[in-house]
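Undergrad: Construct the complete structure from the given sequences, taking the supplied hints into account.
Residues in the sequence shown are numbered consecutively from 0, following numbering that gives the first Met the number 0.
There's no promise every hint is true.
[As the list claims (entries may be wrong)] 16 Å max Cα-Cα, derived EDC-like pairs, lysine to aspartate or glutamate:
#, residue 1, residue 2
1, 188, 57
2, 188, 77
3, 97, 141
4, 148, 163
5, 37, 163
6, 19, 192
7, 188, 87
8, 99, 136
9, 19, 163
10, 97, 136
11, 46, 129
12, 121, 27
[To be verified] Using C-beta positions, here's what the derived DEER-type ranges look like:
#, residue 1, residue 2, range
13, 188, 62, 17 to 25 Å
14, 57, 29, 25 to 33 Å
15, 195, 64, 14 to 22 Å
16, 190, 102, 34 to 42 Å
17, 57, 10, 15 to 23 Å
Source of the hints: derived by calculation from the structure; they are not laboratory data.
Cβ coordinates follow ideal geometry from the N, Cα and C atoms, glycine included.
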Amino acid sequence: MVLYFAVGDIMQYLTVGTNKIVDELFKEVQDTGTANLKPCGGLWLTKYMGDNYNEWVEFIIDEPTTFFYKSRNYSMWEQPCSLVTLREDAKILNLDSKSKLDYLREKYPLDEYKFSYEIISKLYDGIFIDMYHLLYDISDSEIRQRIFKFGVNSLLLFNLGCIDYYQPGIVSIEPFNYEYGMCELPNYKINIEPVKRKILSKKHN
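TA: Shown next, in the form of structure tokens:
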């Protein structure tokens, strides 16, 4: 079974919440006991599809609690972000079917429903969770509820060494009033700087 894909044309991903990616602030992925399939740590991203649309930006704007929580350290209307370009040899596990999920749960088990991210992080650079294909392929209601917790299709990087470079940016959201609900679709633009920054590795004594 082929579990991972070559990066190829899918090389650019967006992370929202920081425009400074440094090794010193990176937290290694850790398994959790929570009732979903998500771990803690790592670097979370979504596919970059241009400056006028992003799955995660759309999701947080539509979820007031998440939107306010994610904005606690900066202006909610000016969200820092980074456009990440992966190395061509990045080994990304592609989780897009029930058979792959079953394989991971059997080979790298954590509990009845979950596999261990900590173990697979030693084998892969990251994992792409194709939430929509998984939901289409899985009928078990308990597992589906856990998959829903991802919110959108997500790339989770286990290390920063698989990143070729990143470009800092800002997601500028046109202010709107939540009091009136989502009567009008909010406008936003993803403004990416042209500068390409490399990530320096930690110095080991």
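Undergrad: With reference to the structure, classify each hint as holding or not holding.
TA: Against the structure, the hints:
no.: 1; hint: 188 with 57; verdict: holds (11 Å)
no.: 2; hint: 188 with 77; verdict: holds (10 Å)
no.: 3; hint: 97 with 141; verdict: holds (13 Å)
no.: 4; hint: 148 with 163; verdict: violated (29 Å)
no.: 5; hint: 37 with 163; verdict: violated (25 Å)
no.: 6; hint: 19 with 192; verdict: holds (12 Å)
no.: 7; hint: 188 with 87; verdict: violated (28 Å)
no.: 8; hint: 99 with 136; verdict: holds (11 Å)
no.: 9; hint: 19 with 163; verdict: holds (15 Å)
no.: 10; hint: 97 with 136; verdict: holds (6 Å)
no.: 11; hint: 46 with 129; verdict: holds (11 Å)
no.: 12; hint: 121 with 27; verdict: holds (11 Å)
no.: 13; hint: 188 with 62: 17 to 25 Å; verdict: holds (20 Å)
no.: 14; hint: 57 with 29: 25 to 33 Å; verdict: holds (28 Å)
no.: 15; hint: 195 with 64: 14 to 22 Å; verdict: violated (35 Å)
no.: 16; hint: 190 with 102: 34 to 42 Å; verdict: holds (41 Å)
no.: 17; hint: 57 with 10: 15 to 23 Å; verdict: holds (22 Å)
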